[in-house]
Every structure is written in C-alpha cells, then in structure tokens.
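Construct the entire structure; sequences and hints are all you get.
Read in the numbering used here, the sequence shown has 120 at position 120, and its numbers run on one by one without any break.
Careful: at least some of the hints might be erroneous.
Only pairs whose alpha carbons sit at most 30 Å apart, straight line, appear in this in silico DSS-like list of lysine-lysine [said to hold, decoys possible]:
#, residue 1, residue 2
1, Lys-130, Lys-79
2, Lys-115, Lys-14
3, Lys-115, Lys-127
4, Lys-14, Lys-127
5, Lys-127, Lys-79
6, Lys-115, Lys-130
7, Lys-25, Lys-14
Okay, the calculated beta carbon distance ranges per label pair [stated by the list, open to error]:
#, residue 1, residue 2, range
8, Asp-10, Ala-185, 30 to 40 Å
9, Asp-15, Asp-43, 13 to 23 Å
10, Ala-184, Thr-26, 48 to 58 Å
11, Gln-168, Asp-217, 21 to 31 Å
12, Ala-48, Met-93, 22 to 32 Å
13, Gly-95, Asp-43, 38 to 48 Å
14, Leu-162, Asp-118, 46 to 56 Å
15, Gly-111, Ala-131, 37 to 47 Å
In case anyone wonders, no lab produced these hints; they're calculated from the structure. Cβ atoms here follow ideal geometry from the backbone N, Cα and C, with glycine treated the same way.
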Amino acid sequence: MPIPEEVTGDEIDKDVRQELQSLPKTLAEDVARNLVMVARLLDEDPEAAYGYSRVALRLASRVAAVREAAGFAAYANQKYSEALAEFRAARRMTGSVELWPVMADCERGLGRPEKALDMAGTPEVHKLDKAGQVEMRLVAAGARRDMGQLDAAIVTLQSPELASNSVQPWTARLRYAYADALLAAGREQEAREWFAKAVESDRDGSTDASDRLAELDGVDFVDALDEEADDAGETAAVQDEAEDGDKD
Numbered sequence: 001m002p003i004p005e006e007v008t009g010d011e012i013d014k015d016v017r018q019e020l021q022s023l024p025k026t027l028a029e030d031v032a033r034n035l036v037m038v039a040r041l042l043d044e045d046p047e048a049a050y051g052y053s054r055v056a057l058r059l060a061s062r063v064a065a066v067r068e069a070a071g072f073a074a075y076a077n078q079k080y081s082e083a084l085a086e087f088r089a090a091r092r093m094t095g096s097v098e099l100w101p102v103m104a105d106c107e108r109g110l111g112r113p114e115k116a117l118d119m120a121g122t123p124e125v126h127k128l129d130k131a132g133q134v135e136m137r138l139v140a141a142g143a144r145r146d147m148g149q150l151d152a153a154i155v156t157l158q159s160p161e162l163a164s165n166s167v168q169p170w171t172a173r174l175r176y177a178y179a180d181a182l183l184a185a186g187r188e189q190e191a192r193e194w195f196a197k198a199v200e201s202d203r204d205g206s207t208d209a210s211d212r213l214a215e216l217d218g219v220d221f222v223d224a225l226d227e228e229a230d231d232a233g234e235t236a237a238v239q240d241e242a243e244d245g246d247k248d
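Below is the structure:
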C-alpha cells in the first residue's frame, strides 16, 4: 500500500521504536512507516488502517507492537475474533494486562457478554492503572446492558470516578455512559443531568453529549447548508412559476 514520502517512521512512539530494533534496519523502517499509517487512519479511515496493519503484520508478526496495532485495526473494523486473537498474542509477548478491557469488549462484540463480565472479575483488573479500571467498568456496564440488566449496568457505573468533580481523560465517557444507561432505564431527568455533566467535561468532543442533551430539551438543529439549499430551491420554484406565467 502506498505511503506518503513525508512519513519516515520516526513519528512512532519511542517504546515501539525500541521494539523494532530487533529487526534489520530497512525492515524496521518499513514496519514503522506502516504503523504510522495505522495510527493516522484508525479513526478517519479504519478500513485503510486495517490494510496497513496487515502489511506490518506480514513483515513483523513477532513484534508485540505490531500485533497490538493489528488488533486495534481489526477492532475498529468490528473484526472482533481477529482482534481478540491479535490482542492475546500481544499479551503473551509482553505479559502486560493493559489490553484486558479491550479484549473483554471483543467478547461483547462476539456476543459473549457473560465472558466479558467474567474478565471484569479477574485479578488482572487490579493490575490495571486507573484509566484501565475505568475502561473495564465501562465494558462491564455494557455487558450488563447486552444482557438486559439495566439496573445492574447503572450500579456498575456508580463509582468514586463518576462522583469526582475532577476532570480526567475518561470523565466525559464515564458520565455519558451513565446518562445513557439512566435514559434507557426511563430515568429521563437524571439522564439529562448527567448528559449536562458529560458536556461540561467533554473538552475534546469525544462524545455527542451536547446533541443528546439538546434532544432531551426538545431543541432541533437545522443544518445551515440544508436550509440554504431549501431556500434556493424555493426561489428557483418561484422563478419557474413566474416564467411559466410570462409565457402564458
């Protein structure tokens, strides 16, 4: 797959670069450039990111960072079985529990929420950092919802992290998930309050909390471009009618 000339491979994280030192120099550079493309395209073009991840995997399947990148690319394309296999491989290579929450979410994607809940109760969870533990809580709540256990999902999300006034990278997503669970349970007023709190903490627009809040408040947003197009259409219709009248 083509890679822009300005992508050198030096853009990758230093820890990944260190992993690639086990490879011949030219091969390491090729793998690094493909990994850069995976990272760049993962959100905006998951399918293309997946393609680059497969190239990197073909070149260096014994590098943990490559297996992890391949896992995230597969995950972004909802290829959950493949993603889970790659994450497991990366974990075997590193011994790290960092991927435990996303592995559990893959189990959800495969229609096995019970397995995700089992993973949420294992000793590995206690080895996660705070962000990982919050992520695991989100996955567990999602699994409860998959099983139709809305009240249990709400309780799962209730935590010191949710109650804290401190804004962390995970705060908006945690508040959003809680609001969404409340709404699904029919607790609309509480949901509105938590969607508002999610908006307050969503500094990078990682959720659509503002839209959900507006929807609850009965606010309809009209796309300015659509409105202009409608106006132009109406004007054209009036002009056509006038021309037809002149012909008559």
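Results for each hint:
1. Lys-130 <-> Lys-79: Roughly 27 Å separates the two Cα atoms, so the pair holds.
2. Lys-115 <-> Lys-14: violated (34 Å)
3. Lys-115 <-> Lys-127: Since the Cα atoms of Lys-115 and Lys-127 sit roughly 19 Å apart, the hinted pair holds (cutoff 30 Å).
4. Lys-14 <-> Lys-127: Judged against 30 Å, a Cα distance of about 24 Å means the pair holds.
5. Lys-127 <-> Lys-79: Between Lys-127 and Lys-79 the Cα gap is close to 27 Å, so the pair holds against 30 Å.
6. Lys-115 <-> Lys-130: Holds, at roughly 22 Å.
7. Lys-25 <-> Lys-14: holds (15 Å)
8. Asp-10 <-> Ala-185: 30 to 40 Å: Given about 50 Å between the Cβ atoms, the range is violated.
9. Asp-15 <-> Asp-43: 13 to 23 Å: holds (21 Å)
10. Ala-184 <-> Thr-26: 48 to 58 Å: holds (53 Å)
11. Gln-168 <-> Asp-217: 21 to 31 Å: With a Cβ separation near 27 Å, Gln-168 and Asp-217 satisfy 21 to 31 Å, so the hint holds.
12. Ala-48 <-> Met-93: 22 to 32 Å: holds (26 Å)
13. Gly-95 <-> Asp-43: 38 to 48 Å: Given a distance of about 29 Å, which is not inside 38 to 48 Å, the answer is violated.
14. Leu-162 <-> Asp-118: 46 to 56 Å: With Cβ atoms ~23 Å apart, the hint is violated.
15. Gly-111 <-> Ala-131: 37 to 47 Å: Violated: the Cβ-Cβ distance is about 27 Å, outside 37 to 47 Å.
Of the numbered hints listed earlier, those contradicted by the structure are 2, 8, 13, 14 and 15.
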